[in-house]
Amino acid sequence: MKQAGLDLGSVNTKLVVLENGERVYSQVIPSRFDSVQAGINLLKSYVEDHGEKPEKLVVTGYGRVNFPEGRVITEISCQARGCHAYYPDNAYLLDLGGQDAKVIKKNPEGKVVQFIMNDKCAAGTGRFLDIILKGLDLTAEEMELATDAKPMPINSMCTVFAESEVITMIAKGIPKPEVIAGLFKSTAKRLANFVESVGYPECLIFTGGGAHYSLLVHFLERELKGNIVIPEEPELTAALGAALLA
Amino acid sequence: MDNRELWTVLGMDLEKHNDFLAPVPAIFTSLFLERPNRPKTMGYFDMIVGDVHGIRVHELYAMKEAGVKVFSTFCVYVPEEIVVATGSASIGLCAGAQYTVSSGEKVLPRNLCPLIKSTMGFKLDRICPYFQVSDWVIGETTCDGKKKAWEILNEHIPTYVMDLPQKKDFKDARLWEEEVRDFASFIERETKVSITSENLAQGIQKINNKRQALQRLANLRKYNPAPIHGLDVLLINQLSFFDDPVRFAAQVNALCDELDVRIKDGIGVASADAPRILVTGTPQPLPAWKLHALIEQAGAVVVGEETCTGERYYKDVTEPADNVSDMLANIAKRPLKVNCACFTPNQGRLEDIAFMAENLKADAVIDFSLQFCQTYGVESYFVGKEMEKRQIPFLRLESDFSEEDQGQLLTRIEALIEMIRA
Numbered sequence: 001m002k003q004a005g006l007d008l009g010s011v012n013t014k015l016v017v018l019e020n021g022e023r024v025y026s027q028v029i030p031s032r033f034d035s036v037q038a039g040i041n042l043l044k045s046y047v048e049d050h051g052e053k054p055e056k057l058v059v060t061g062y063g064r065v066n067f068p069e070g071r072v073i074t075e076i077s078c079q080a081r082g083c084h085a086y087y088p089d090n091a092y093l094l095d096l097g098g099q100d101a102k103v104i105k106k107n108p109e110g111k112v113v114q115f116i117m118n119d120k121c122a123a124g125t126g127r128f129l130d131i132i133l134k135g136l137d138l139t140a141e142e143m144e145l146a147t148d149a150k151p152m153p154i155n156s157m158c159t160v161f162a163e164s165e166v167i168t169m170i171a172k173g174i175p176k177p178e179v180i181a182g183l184f185k186s187t188a189k190r191l192a193n194f195v196e197s198v199g200y201p202e203c204l205i206f207t208g209g210g211a212h213y214s215l216l217v218h219f220l221e222r223e224l225k226g227n228i229v230i231p232e233e234p235e236l237t238a239a240l241g242a243a244l245l246a
Numbered sequence: 001m002d003n004r005e006l007w008t009v010l011g012m013d014l015e016k017h018n019d020f021l022a023p024v025p026a027i028f029t030s031l032f033l034e035r036p037n038r039p040k041t042m043g044y045f046d047m048i049v050g051d052v053h054g055i056r057v058h059e060l061y062a063m064k065e066a067g068v069k070v071f072s073t074f075c076v077y078v079p080e081e082i083v084v085a086t087g088s089a090s091i092g093l094c095a096g097a098q099y100t101v102s103s104g105e106k107v108l109p110r111n112l113c114p115l116i117k118s119t120m121g122f123k124l125d126r127i128c129p130y131f132q133v134s135d136w137v138i139g140e141t142t143c144d145g146k147k148k149a150w151e152i153l154n155e156h157i158p159t160y161v162m163d164l165p166q167k168k169d170f171k172d173a174r175l176w177e178e179e180v181r182d183f184a185s186f187i188e189r190e191t192k193v194s195i196t197s198e199n200l201a202q203g204i205q206k207i208n209n210k211r212q213a214l215q216r217l218a219n220l221r222k223y224n225p226a227p228i229h230g231l232d233v234l235l236i237n238q239l240s241f242f243d244d245p246v247r248f249a250a251q252v253n254a255l256c257d258e259l260d261v262r263i264k265d266g267i268g269v270a271s272a273d274a275p276r277i278l279v280t281g282t283p284q285p286l287p288a289w290k291l292h293a294l295i296e297q298a299g300a301v302v303v304g305e306e307t308c309t310g311e312r313y314y315k316d317v318t319e320p321a322d323n324v325s326d327m328l329a330n331i332a333k334r335p336l337k338v339n340c341a342c343f344t345p346n347q348g349r350l351e352d353i354a355f356m357a358e359n360l361k362a363d364a365v366i367d368f369s370l371q372f373c374q375t376y377g378v379e380s381y382f383v384g385k386e387m388e389k390r391q392i393p394f395l396r397l398e399s400d401f402s403e404e405d406q407g408q409l410l411t412r413i414e415a416l417i418e419m420i421r422a
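Chains S and U, in that order, are what the protein sequence lines are. Heads up, the first sequence stops at 246 in this note's numbering, and the numbers go up one at a time, no gaps. Heads up, the second sequence stops at 422 in this note's numbering, and the numbers go up one at a time, no gaps.
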């Protein structure tokens, strides 16, 4: 039997299909402000390739309520379930998505026991990092140099204010790698506080698109004074969890 | 006099008022009237809301014409017994609309509690007939934002401020009793009615009856399946500040009679396995229905409010006494039993929440804080810790009166419900 999980995110839409518990298909496409349409397209192209719809479907993520089919489960439960498949012994996970950040504490069965999510605004989310990095127009070399650069502190976590802080730094002639290091360090500090308002994990699961920023992971490990584990494809764990719950 | 004539006499901005009220009937219809299985006796409360700026305002206006005064309040600490004793009216004011927040921000900082901004906006915009019909606002010092906002409001309407202490020691109780006695003298002066043991005993009785009716209603919510929607009770709690206390108590008791029958027959508005949520924290003044509506839309049922538009308003009554002096002393005692986050320390509130959670068989607690509310925002730390200790699933939410964050709130509420059901 095939079970599908569809995660309709604010930035990307993801589909994972399992057959007898094993992953047989996964795909990520940009949501382009319409995750519902992106989800419909993903399912359609799956059916074109495989001839039939998966028997069971769970939809999750930002666009879940408007999706025409499937059982609806929040991204909190799905994320916990998906991460549990990788790391059953770790209790805490941090998910850094496009427009929200969340910390979830799960029990040994993979059930959610506590969670928190960021406030209304994009501060400290994937979108925040994307906007600022895009504005900086970095070369691969500058990005690499940032690993060892001295981080310039960025005090503002409001996307708009942080952007103007960064612009001021660049105008002052501060090297871009130092600015980037500062950006990630400040974000890591904020995320670490966010995690520690729920608990103090020895080993934290880090997931969502944000987990791809290796510099962020580096600073986050330092801030938390603990280990971080990242699933193979961290942007897919909620979709995987949805498929497992289907 | 029809409504428009009345509003004109009250100096309201009719155009803005129309704009403000225009969406209300549709919202009220979909949130309340269209829900199946509501108790028939909700009809009275629906009627009041259906003409929320009419019926009761006409009544108050007529009372004023006959020579009494109208005092407006914002807080469960204000002793309405004293006002009612003189034959005057004590009403709560609208303070829960996003519409007026931006006007409030003309004179107040943006980073301030939306309740205060909404209140100020209602007065500046002249779209609340209750404000317009009022002779006085009775303020109190429950938070710094309100305390300072009264000074600005006083430029637009006479505002009397009661100084509520911040601790509950003996000397604080003494100060508060003084405040209550001063307030009684002030009311006598303003209304030109002397407070006697007869009229004050009646005032206490009327308000006690109202509070007891609300207690009775609150206690019926412990039954499963829930005999009434939380949103309906919230509406009643909100209206309890506006309506004539005697008529209101009779209507609440009539509703309770109907619910008694429902409970006996095992009839509910939600299924017996619907998650039961206790809401704690800051008040939801009219017309703030968002939180309850979202919780119940998500398939849960709200079984109690540990808020000022709930339990804190009615949980205690005033003990009777033989003479005016003792009655005033007892009137002063009641509010100091109310556990508002403006007090330090405030351990009693945690006990209240724990008791309510158990009595109402709540599956989870949602601690709600209005944005920028420092006292409840900070105290949420202790509420969370207490719930963890008692292993009660807990969710902290912060919001204002706007509609934009409904999706985000709903995600959190649904996740909490999944947690309970898992």
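One or more of the hints may lead you astray.
[What the hints assert, rightly or not] Which chain U residues stay away from chain S? Per the calculated CB distances, all over 10 Å, these:
no., residue
1, Asn37
2, Glu388
3, Glu414
4, Glu418
5, Ala422
[Stated by the list, open to error] As a list, the in silico DSSO-like pairs of lysine-lysine whose alpha-carbon atoms are at most 30 Å apart:
no., chain 1, residue 1, chain 2, residue 2
6, S, Lys134, S, Lys189
7, U, Lys389, U, Lys40
8, S, Lys150, S, Lys176
9, S, Lys105, U, Lys337
10, U, Lys192, S, Lys105
11, U, Lys222, U, Lys337
12, S, Lys111, U, Lys361
13, U, Lys264, U, Lys148
14, U, Lys167, U, Lys16
15, U, Lys69, U, Lys222
16, U, Lys315, U, Lys333
17, U, Lys315, S, Lys189
18, S, Lys189, U, Lys222
19, S, Lys105, U, Lys361
20, S, Lys225, S, Lys150
21, U, Lys333, U, Lys264
22, U, Lys206, U, Lys337
23, U, Lys385, S, Lys111
24, S, Lys111, U, Lys389
25, U, Lys171, U, Lys16
26, U, Lys206, U, Lys192
27, U, Lys222, U, Lys16
28, S, Lys111, U, Lys222
29, S, Lys134, S, Lys111
30, U, Lys147, U, Lys361
31, U, Lys16, U, Lys192
32, U, Lys40, U, Lys264
33, U, Lys385, S, Lys225
34, U, Lys167, U, Lys264
35, U, Lys264, U, Lys385
36, U, Lys333, U, Lys69
37, S, Lys225, U, Lys389
38, U, Lys69, U, Lys264
Honestly, the hints are just simulated from the structure, not real lab data. Just so we're clear, the structure is a prediction, and the values are computed from it rather than from any experiment. Quick reminder that beta carbons are idealized off the backbone N, C-alpha and C, glycines included.
Verification of the supplied hints:
Chain S leaves U:Asn37 outside its interface by the beta-carbon criterion, the shortest separation being 24 Å against a cut-off of 10 Å. With a minimum CB-CB distance of about 8 Å to chain S, U:Glu388 fails to clear the 10 Å threshold, and the non-interface call is violated. In this structure U:Glu414 is not separated from chain S by more than 10 Å, as the shortest Cβ-Cβ distance comes to only about 5 Å. Distance check on U:Glu418: its Cβ comes as close as 5 Å (rounded) to a Cβ of chain S, failing to clear the 10 Å threshold; non-interface status is violated.
Distance check for U:Ala422 against chain S: the nearest CB is about 5 Å away, which does not clear 10 Å, and the non-interface claim fails. Note on S:Lys134 and S:Lys189: the hinted pairing holds, with a Cα-Cα distance of about 21 Å set against a maximum of 30 Å. Distance hint between U:Lys389 and U:Lys40 is unfulfilled; the C-alpha atoms sit about 41 Å from each other, more than 30 Å. Between the alpha carbons of S:Lys150 and S:Lys176 the distance comes to roughly 11 Å, so the proposed pair stays at or under 30 Å and holds.
In summary, the hint linking S:Lys105 to U:Lys337 is not supported, as the alpha carbons are separated by about 37 Å, beyond the 30 Å threshold. Our distance criterion of 30 Å between C-alpha atoms is broken by U:Lys192 and S:Lys105, whose separation comes to about 62 Å. A distance of roughly 23 Å separates the Cα atoms of U:Lys222 and U:Lys337; the hinted pair therefore holds under the 30 Å criterion. As the CA atoms of S:Lys111 and U:Lys361 are separated by approximately 22 Å, the hinted pair is consistent with the 30 Å bound.
A hinted pair counts as satisfied when its Cα atoms are at most 30 Å apart, and U:Lys264 with U:Lys148 does not qualify at roughly 50 Å. Simply put, U:Lys167 and U:Lys16 have alpha-carbon atoms about 42 Å apart, too far for the 30 Å limit, and the pair is violated. Restraint check for U:Lys69 and U:Lys222: the C-alpha separation of about 39 Å exceeds 30 Å, so the hint is violated. A distance of roughly 13 Å separates the Cα atoms of U:Lys315 and U:Lys333; the hinted pair therefore holds under the 30 Å criterion.
The suggested pairing of U:Lys315 with S:Lys189 is violated, with an alpha-carbon distance near 44 Å, which exceeds 30 Å. The hinted pair formed by S:Lys189 and U:Lys222 fails the criterion: a straight-line CA distance of about 44 Å is larger than 30 Å. Pair hint S:Lys105 plus U:Lys361 holds up; C-alpha atoms about 24 Å apart against a cutoff of 30 Å. A C-alpha spacing of about 19 Å is found between S:Lys225 and S:Lys150, which places the hinted pair at or below 30 Å, so the restraint holds.
Distance check on the hinted pair: U:Lys333 and U:Lys264 sit about 37 Å apart at the alpha-carbon level, beyond 30 Å; violated. A C-alpha spacing of about 20 Å is found between U:Lys206 and U:Lys337, which places the hinted pair at or below 30 Å, so the restraint holds. Restraint check for U:Lys385 and S:Lys111: the C-alpha separation of about 20 Å stays at or below 30 Å, so the hint holds. This hinted pair checks out: S:Lys111 and U:Lys389 have alpha carbons roughly 19 Å apart, not beyond 30 Å.
For the given pair, U:Lys171 sits about 47 Å from U:Lys16 by alpha-carbon distance, which is inconsistent with the 30 Å threshold. For the suggested pair U:Lys206 and U:Lys192, the alpha carbons sit about 21 Å apart, so the restraint of at most 30 Å is met. The hinted pair formed by U:Lys222 and U:Lys16 fails the criterion: a straight-line CA distance of about 42 Å is larger than 30 Å. Of the pairs offered as hints, the one joining S:Lys111 and U:Lys222 holds, with about 28 Å between alpha carbons and a cut-off of 30 Å not exceeded.
Taking the CA atoms of S:Lys134 and S:Lys111, the gap is near 37 Å; set against the 30 Å cutoff, the hint is violated. The hinted pair formed by U:Lys147 and U:Lys361 fails the criterion: a straight-line CA distance of about 37 Å is larger than 30 Å. Using a Cα cut-off of 30 Å, the hinted pair U:Lys16 and U:Lys192 is violated, with the two alpha carbons roughly 36 Å apart. Restraint check: the Cα-Cα separation between U:Lys40 and U:Lys264 comes to about 16 Å, which is no more than 30 Å; the hinted pair holds.
A distance of roughly 24 Å separates the Cα atoms of U:Lys385 and S:Lys225; the hinted pair therefore holds under the 30 Å criterion. Between U:Lys167 and U:Lys264 the alpha-carbon distance is near 44 Å, which puts this suggested pair outside the 30 Å criterion. For the hint pairing U:Lys264 with U:Lys385, the CA-to-CA distance comes to about 37 Å; that exceeds 30 Å, so the pair is violated. The hinted pair formed by U:Lys333 and U:Lys69 meets the criterion: a straight-line CA distance of about 26 Å does not exceed 30 Å.
This hinted pair checks out: S:Lys225 and U:Lys389 have alpha carbons roughly 27 Å apart, not beyond 30 Å. Under the criterion of a C-alpha separation no larger than 30 Å, the hint pairing U:Lys69 with U:Lys264 is inconsistent with the structure, at around 44 Å.
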